[in-house]
Structures are given as C-alpha cells and as structure tokens.
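Listed below are the residues making up each chain.
2 protein chains.
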Amino acid sequence: MILLDGKKVAQEIRSKLRDSVTFNIEKGLRAPKLAIVIVGHNPASETYVANKIKACQEVGIEVEKIVMEESIKERELLAMVRRLNRDKSVDGFIVQLPLPEHISEAKVLTAIDFRKDVDGLTPMSMGRAIQGLPAFRSATPSGILELLQAYAIPTEGKHVVVIGRSNIVGKPMAMMLMQRPYLSLPNMSASALGDATVTVCHSKTRRLGAICRTADIIIVAAGSPKLLKANMVKEGAVVIDVGINRMDDASFPRGYRLVGDVDFEAVAPKCSYITPVPGGVGPMTIAMLLKQTSLAYSAKVLGLKMK
Amino acid sequence: MILLDGKKVAQEIRSKLRDSVTFNIEKGLRAPKLAIVIVGHNPASETYVANKIKACQEVGIEVEKIVMEESIKERELLAMVRRLNRDKSVDGFIVQLPLPEHISEAKVLTAIDFRKDVDGLTPMSMGRAIQGLPAFRSATPSGILELLQAYAIPTEGKHVVVIGRSNIVGKPMAMMLMQRPYLSLPNMSASALGDATVTVCHSKTRRLGAICRTADIIIVAAGSPKLLKANMVKEGAVVIDVGINRMDDASFPRGYRLVGDVDFEAVAPKCSYITPVPGGVGPMTIAMLLKQTSLAYSAKVLGLKMK
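So the protein sequences, as listed, match chains A and B. For the first sequence, the tail end lands on 307 under the working numbering, and the numbers increase by one without skipping. For the second sequence, the tail end lands on 307 under the working numbering, and the numbers increase by one without skipping.
So here's chain A without its partners, still in its complex pose (with noise of 0.2 Å):
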C-alpha cells in the first residue's frame, strides 16, 4: 500500500509555479494576478481567503482582497464582477462562497467570464468543460487527477466509482474521468487522464457495497465519515478520499480531528494506493487554483489562447 502524498505533490506544483513566476519577473514580465471578492464576514470564508492569498504569496502570484460588506445589493457584487472581467491587470479572480441569502449565487457565478474563472466553478466553464473545450476546472477534481498522474496510475478502462454528486467535486469529477483526454490548455497535463468507465454513486443508490467492490478507482466525495468500509473495497484497488470530518477527540489540542469518507486503518491493507485525510486531496485544491491562476497569466500574457 503507498499513500498518495498530496502534501508532497502539492508543495512540488507550487515549487515549479514559483520558478516560472521569477523567471518571468527577470525577463521583465510583470506577476500573475488573482483578485478575490469576499462579502461580509463569515470567519471560516475569512479563513480560506487568508489561505488563499498566502498560498499565492509564496508563489509569486500578486493578489488583491476585495472586501464588500454583507449589506451590499446583488447589482454591486455584480458590478464589481463586471470590472474585474474588464480589468486587463487581473488575470484571474474568485468570489468566495457562500454568499449572503440576498444574493444569487447563480447570477453572481453566471456574470463571471470563464477566461478569468480560475476556480472552475461557473456553468459556463463546466459547459465548457464537458465539451471537450478550453476551461478551468473545477479545483478538488482537477487536482485529484494531479495526484493521479504524479504516482502513474491510469484510468484508461478502468472502471471508477465516484460516491457523491456535488456540483463542485462528483458531477465534474466524473465527467472529466469519462472523457477522452484533451488538452484544457497548453501545460495542463492532468488532463491527459479520461478514458474510464464512470460509476455515480450517491444517497439513493442501493446496493453500494457490490458497486465499489467492482471498482478499480473509487473516489469518496460524501461528506460522510468512514463511509467507504474494508469490505466494500476490492483488494488492490485506488481509494480517494475527499471528504473532511470533524471528529470528537479530546486528545487533539482542537478537542477534535479530521476524518475522511474512508474508514482508513480497516481499508488501507486492501489498497494499492489510498489518500490520507489531512494531507491527500485537501493540499492539491489550493495548488490547482495558483495553477489556473499561472494559466490564466500564460494565456494572456504569453498569447497562449482560450477561445
């Protein structure tokens, strides 16, 4: 059993980004940017944003913080949309959900140009997407197919099961795994993956069990501690786990820990490779948005196009 060391992989994409960055900058280029709208004062939304922009930090990446305040009207949000889609300095830019009740995500997401969607989560770059089009991707799917391609282990003709349907992780997910592989943009080699046989798995689905046990790839996106068990899993297939738990742990300096989907100590003897929770999938989400971010700049900056 190795486990897919998504700490690793992530800090080794961020190492590459920082060097083309500076390299870059000594060629007299300025540095990649990416804004990010925040509205009002959710602390964990405030959390990830100042994950975010750290990430960034390290790599180069410039970033600018747009703060607006819980009380601002839908026309606003949309407003300030409209000039960063306008803005030639700024490459990428994400609005970080949720967003106040008031407000549309829907339209709020439909307003953003998909050439500066860095977090691939518009219909439009997910239309695109699945057609077989230049796009961002949608980040979690997008770096676990990194992880898969850094360890060399294929999907094509391989059946996956993919537990889950979010819009953000198990619809795209899926529909990037089905697909015959192309090019999203010039250097994004994840995408060379595709190819599988795509099983979607989700609360209504009866007879799981049997389901994952034909899996050669299984991909646990449910958000539901230790769901996936030993006997579900056939010996030597690949696990994911994408879900985060908080658990109950007085012996933890938080008073709890993160679990995932995976019933980890009983499953990992039977896998061939599987993730941690902390440390596998969670890693290469943010590296994938400096990723797209460093796209975004290339295909403006460098005149590589999406069109």
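These are computed hints drawn from the structure, not numbers from a lab. In this text the structure is predicted, and so the values were computed from the model without any measurement. Keep in mind that a hint or two might mislead.
Stated by the list, open to error - Now the stretches of chain B that chain A is said to cover, found in silico as 3 or more residues with beta-carbon under 8 Å:
#1 83 to 95
#2 123 to 129
#3 168 to 179
#4 193 to 207
Said to hold, decoys possible - If you want the ones that stay clear, here's a sample from chain B, every Cβ over 10 Å from chain A, calculated:
#5 Lys8
#6 Phe23
#7 Ile72
#8 Arg75
#9 Pro98
#10 Ala106
#11 Thr110
#12 Leu133
#13 Ile211
#14 Lys226
#15 Glu235
#16 Asn245
#17 Phe252
#18 Tyr256
#19 Leu258
Cβ coordinates follow ideal geometry from the N, Cα and C atoms, glycine included.
The hints should help you fit chain B onto chain A, whose structure is shown.
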C-alpha cells in the same frame, strides 16, 4: 414486453403544444417564434431543417429560416447570433450544425444567449443544467426522460447504464439521470426524473456485458449497429435505443433499412420495456425542440422567469 411508442408520445406533446399556442393566440397574444440559421447547403442539414420547420408549423410556432452562404466569415455568423440574441420577437433560435470548417462551432455556440438556446447544446446551457439551474436541455436526453415518464418508469435508485459519451446524448443524459430532481423550468415535468445510479460506458470500457447485466435501465447511444446483445441484458430491464444506423437491404424501397444500436429481435423478449427504431427516441427529439421553444415563449411572453 411493452414497446415505448415515441411516435405516439411525441404526437401527444405536439397536440398539447398546438392547443396552448391556439389558446394564447385567441387571447390576443402572438405565436411563439423560432429562428433557424443554416449555413451553406449541406443536403442532410437541409432535410433536418425542413423537418423542424414542418413540425413547428404544425403546432403553430412561427419560424424564421435564415440561410447564410457557405463562404460567410465567422464574424458575420457571430453578428447574426448577436442580432438574434437581441431580437425581442424571437423566442428561441438554433444554428444548424455542422458549420463549415473555417467557422468555430465552439465560438458560435458560446455566443448564443442561453435564454434562447432551445436546442440546449451550448456550453452555458449544459453547465447550468448540470448545476441544477434553469436551462434548456439537450433534446435527445430530455426526450428520453419524457418517454420514461409517459410510461411511468421511475429512475430513482435504479442502476442506469449509458453506453456512449457524446456531448449531445451520453454526457447530458448521465447528468440528468444522476442529479436530484429539480424544475428546470415551470412545466418542465420531465426533470422530475433523476436520482439514478449512473454508469457511463464507451469504446474504452472493459467487460461491457458484465456491466450491462447489472443495469435496470440501459440507454444505448453508441452509433454501432446491434451492439447490445441479448446476453448483455438482464431479464426485465428497460432498454432505450438511440442509434439510427443504415443497413443495406434490397427489400426496402431506398435500398437500406434503419436499425438501432440494439439487436432488437433478440433483446426485446427479455425486456419489460424497449424502444423500437424507428419510432422510439427519434420522434421525441423534435418534440422537445418544439416544447422548449414554447417554454422560451412562456418565459418571455407569459412572464415565467429564467434567471
């Protein structure tokens, strides 16, 4: 074994649409209007367009056929798309594919406003549909859902195997079947189907037969004559055949007959329900175009909102 009579169901839909168009006109409202753009003189495209125009006229939908020469520049077609996006008298429009090679289909489809994309083929429509947002949907898969619904065949918790991963059928079909039921638009009752466990198979799939034998519902859209054999189908399964292949047959007036992707004679006796070819899925597709044009009209003229 019960035949899923797409011809009959499509006629019922068309008859309801005709009644509602007539009703609105008697109230003093205008008729729905579809514009169809055709570039060049591809004979197959001309036949398809002629069939669509005839079907529209039968239900009272006004049609504007716009013929552009093969030699037009991409920007001229894009200008036409933008004109139609703005034209308040046009409820929906389609650009008949394929386009001449010097014009990017992706660029043209991307330029169509999703509120008028009654073919449901643009990246934005597909992305919105996947995210559960109101959107028009690809005609063939939504016709299949209507057909299942007409025969009260539930999908919740069923294992559905989709063979084929095209942008037009396989991928959107899989997405519609796996997601939580939602209302894509008021009246869009077919969207009440979903919640299935979905497996997508294709040319790279290994052990296709074994996977199909676990399916409650099999949807074949592979473009491969008689691909699905009797030994791949479990007793009592529902089989939907999207294939339309020409087979040489001197006993038919045109020298060929149409066969599906299913070995019908052998498979049918094992099925609870099966579609014939022709007369199954085919007639549903144009019916969906009419229905979605009518929905676009309702959304605009009757004030039902897509946002």
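Structure-based check of each hint:
no.	hint	verdict
1	83 to 95	violated (count 0)
2	123 to 129	holds (count 6)
3	168 to 179	holds (count 5)
4	193 to 207	holds (count 11)
5	Lys8	holds, 30 Å
6	Phe23	holds, 32 Å
7	Ile72	holds, 19 Å
8	Arg75	holds, 13 Å
9	Pro98	holds, 15 Å
10	Ala106	violated, 5 Å
11	Thr110	violated, 8 Å
12	Leu133	violated, 5 Å
13	Ile211	violated, 7 Å
14	Lys226	holds, 21 Å
15	Glu235	holds, 17 Å
16	Asn245	holds, 22 Å
17	Phe252	holds, 35 Å
18	Tyr256	holds, 30 Å
19	Leu258	holds, 27 Å
The structure is inconsistent with the numbered hints 1, 10, 11, 12 and 13, although it conforms to all the rest.
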